[in-house]
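Q: Per numbering that gives the first Met the number 0, the sequence shown runs over residues 0 to 281.
By construction, these hints were calculated from the structure, which means they are not laboratory data. Each residue gets a CB set at the ideal place from its N, CA and C atoms; glycine is no exception. Treat each hint with caution, since some may be false.
[Said to hold, decoys possible] Per label pair, the in silico range of CB-to-CB distance:
| # | residue 1 | residue 2 | range |
| --- | --- | --- | --- |
| 1 | S77 | M175 | 31 to 37 Å |
| 2 | L236 | T78 | 31 to 37 Å |
| 3 | K32 | D225 | 52 to 58 Å |
| 4 | I85 | P238 | 39 to 45 Å |
| 5 | K235 | D258 | 19 to 25 Å |
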Amino acid sequence: MKIRQILNNNVAIVKRGGIEIIVISKGLSFKYKVGQMMNEADIEKSYILDSYDKLQHFSYLLSQSDPDDIFLIDTIISTAEAELGIQASDYLSLTLLDHLEFLLERAEKGQFIQSPLIWDVKRFYPEYLAVGLMAIQKISEAKQLELPEDEAVSIALHFVNMQATTHAQEKSTVQMRALADMVSIIELHFKIHLDEESTNYMRFITHIQYFIERIINHEIIADEIDSIVLYQQVGKLYPEAFKVVQKLKIYINNQFQADMSISEETYLMLHVNRLTKRLEEN
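Could you build all of it, start to finish, from the sequences and the hints given here?
A: Here you go:
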């Protein structure tokens, strides 16, 4: 395998046969240079992705990630595979690493939100919720954090979604149009053009896809008192994100005759702030 690009001390893109893959090997930059052949015995983890866009997206993510986080996710997935009797894709490993980065960022600020889907997941996917609880326990131990049970739901849904999309389904015209409209509302409000290849954009799009699907399925969740308190705090911290979410709320109401929950508004404010803040810094 020939090294095509070294992303940091531990991550590289190599060419194996006719495809490019991402490989992890602690200290590889001290052993190899671009153009050299890499010994497969030195590879600790590899990722094979099905498109150039995913390769670029996740190579950037891995280059910015703590190696310990990469191996923490690997441990979580290995345990989940044994408990669920599944074979996880490389794509799941990388989306969970992306999720972990966002979770740690929110944990540092104490931004924990009650999941509107916790009772549904407990009822319909108890085995996946058990995996989510295992994951947050391992993360808590590794990072010396106290994470609420609700955080397990988001992780569980990554595994549920992986199983549901094994037979890839095309997004409906309604979903695609709503997604494009919501992105346009954000761009017009901030007078910017969003980077469609960025990590934050992809994270935001994933969240919106799930959200629109819940709206279409008429999944209406009641809010808790704690959700309202955090909603008010986040709204004060990120006033511009609050304003644009109010526009998105009006759009959803007009388009689907549906109301947006307080929890969903809060999540959207966090995503919108993250998406636009990083863009402005760059």
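Q: Taking the beta carbons of L236 and T78, is their distance inside 31 to 37 Å?
A: Holds: the Cβ-Cβ distance is about 36 Å, inside 31 to 37 Å.
Q: Looking only at beta-carbon atoms, does the pair K235, D258 fall within the given range of 19 to 25 Å?
A: holds (22 Å)
Q: That 31 to 37 Å hint for S77 and M175 (C-beta), does it hold up?
A: The hinted range 31 to 37 Å holds for S77 and M175, with Cβ atoms some 35 Å apart.
Q: Indicate whether the distance between the beta carbons of K32 and D225 respects the range 52 to 58 Å.
A: Holds - the Cβ-Cβ distance for K32 and D225, about 53 Å, lies within 52 to 58 Å.
Q: Starting from the hint 39 to 45 Å, judge whether the C-beta atoms of I85 and P238 obey it.
A: holds (43 Å)
Taken one by one, the earlier hints all hold for this structure without exception.
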